[in-house]
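Participant: Under the numbering used here, think of the first position of the sequence shown as 3, with each following residue one higher.
Derived from the structure by calculation, the hints contain no laboratory data.
Quick caveat: nothing in here was measured; it's all calculated off a predicted structure.
Glycine included, every Cβ here is placed at the ideal spot set by N, Cα and C.
Among the hints, erroneous ones may be present.
Stated by the list, open to error - The calculated lysine to aspartate or glutamate pairs, modelled on DMTMM-like cross-linking and capped at a C-alpha distance of 25 Å, are:
1. K5 <-> E47
2. K94 <-> E162
3. K72 <-> E40
4. K72 <-> E145
5. K128 <-> E145
6. K68 <-> D149
7. K5 <-> E145
8. K128 <-> D149
9. K5 <-> D41
10. K5 <-> E230
11. K68 <-> D124
12. K68 <-> E123
13. K161 <-> D59
14. K5 <-> D59
As the list claims (entries may be wrong) - For each label pair, taking beta carbons as the anchor points, the in silico distance ranges come out as:
15. A216 <-> G26: 37 to 47 Å
16. P58 <-> A216: 43 to 53 Å
17. E47 <-> G127: 34 to 44 Å
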Amino acid sequence: MNKICVLGAGSWGTALAILLSRNGAEVHLWGRVEDGIEDIKIHKENRRFLPGVELPDTVFPELDLKASLKGASIAVLAVPSQAVRQVAGQIKEYLEAETVLVNVAKGLEITTTMRMSQVAEDVLGKQIRQRYAVLSGPSHAEEVGRDLPTAVTVAAFNKETAYLVQDAFMSPVFRVYTNPDVPGVELGGALKNIIALGTGIARGLGYGDNTAAALLTRGLMEIVRMGEALGGDLRTFAG
Numbered sequence: 003m004n005k006i007c008v009l010g011a012g013s014w015g016t017a018l019a020i021l022l023s024r025n026g027a028e029v030h031l032w033g034r035v036e037d038g039i040e041d042i043k044i045h046k047e048n049r050r051f052l053p054g055v056e057l058p059d060t061v062f063p064e065l066d067l068k069a070s071l072k073g074a075s076i077a078v079l080a081v082p083s084q085a086v087r088q089v090a091g092q093i094k095e096y097l098e099a100e101t102v103l104v105n106v107a108k109g110l111e112i113t114t115t116m117r118m119s120q121v122a123e124d125v126l127g128k129q130i131r132q133r134y135a136v137l138s139g140p141s142h143a144e145e146v147g148r149d150l151p152t153a154v155t156v157a158a159f160n161k162e163t164a165y166l167v168q169d170a171f172m173s174p175v176f177r178v179y180t181n182p183d184v185p186g187v188e189l190g191g192a193l194k195n196i197i198a199l200g201t202g203i204a205r206g207l208g209y210g211d212n213t214a215a216a217l218l219t220r221g222l223m224e225i226v227r228m229g230e231a232l233g234g235d236l237r238t239f240a241g
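All chains, please: the whole structure from these sequences, using the hints.
Facilitator: Right under this line is the structure:
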């Protein structure tokens, strides 16, 4: 059975662990909070972050980072974007030479404005580039955990890496499309949060559909312009 390590036992990490397990993998779900991991073990459910979704028998909650990564074909980095540098530093001595690193955090590092692939290279070295992928797209954790239809993109510098990740995550209800544009996919995933927040604020202030539509259409154009300026491909931002 293919072993996959998911780093981060929050809602997204747990949902992806469930998905990968349903796809036939042995999944080791690593977390840093002992009480949280023990609770998941006892109840076979992440009651704090993904309540109501039972974990399959092939998801193993772990506190031991070295054991979680040992023999893993893929390591999924499912921590908040501002924690990626720290966790990448923790896994550096245990990450095996053939293990593919898949980042699923959507954001830029605040202190450096680096994309997550740049953070990974900065911490793990240039050699990680050929084994790095980013998985991104409109995907709520609770819907993935409940096996509702979802479509995402996986981007990698190495097309074989992209295909390996696509094969691991693809299911009848979780569609994975490959893309060679790592900067574009990372930037799209990070910058769309600004539009989402702005639209939510506008709704909260009582503004209507016109305002929301303006934020969406003009915001998308700004994402395209900024994304292209920072090295992304125009076509990536069109979906």
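Participant: Next step is simple, just say for each hint if it's right about the structure.
Facilitator: Tested hints:
Between K5 and E47 the alpha-carbon distance is near 20 Å, which keeps this suggested pair within the 25 Å criterion. Distance hint between K94 and E162 is fulfilled; the C-alpha atoms sit about 22 Å from each other, no more than 25 Å. At most 25 Å may separate the alpha-carbon atoms for a hinted pair to count; K72 and E40 meet this at roughly 21 Å. Restraint check for K72 and E145: not satisfied, since their Cα atoms lie roughly 30 Å apart, outside the 25 Å limit.
For the proposed pair K128 and E145, the alpha carbon gap of about 35 Å is over 25 Å, so the pair is violated. Proximity of K68 to D149 is assessed by CA-CA distance (about 30 Å); at most 25 Å being required, the pair is judged violated. Between the alpha carbons of K5 and E145 the distance comes to roughly 24 Å, so the proposed pair stays at or under 25 Å and holds. Under the criterion of a C-alpha separation no larger than 25 Å, the hint pairing K128 with D149 is inconsistent with the structure, at around 36 Å.
With a C-alpha separation of about 23 Å, the suggested pair K5 and D41 falls inside the 25 Å cut-off, and the hint holds. In summary, the hint linking K5 to E230 is not supported, as the alpha carbons are separated by about 37 Å, beyond the 25 Å threshold. Restraint check for K68 and D124: the C-alpha separation of about 21 Å stays at or below 25 Å, so the hint holds. Distance hint between K68 and E123 is fulfilled; the C-alpha atoms sit about 21 Å from each other, no more than 25 Å.
About 32 Å separates the Cα atoms of K161 and D59, which puts this hinted pair outside 25 Å; it is violated. A hinted pair counts as satisfied when its Cα atoms are at most 25 Å apart, and K5 with D59 qualifies at roughly 14 Å. With their beta carbons about 46 Å apart, A216 and G26 fall inside the hinted range of 37 to 47 Å. Checked against the given bound of 43 to 53 Å, the beta carbons of P58 and A216, roughly 44 Å apart, stay inside it.
At about 38 Å, the beta-carbon gap between E47 and G127 stays in the expected band of 34 to 44 Å.
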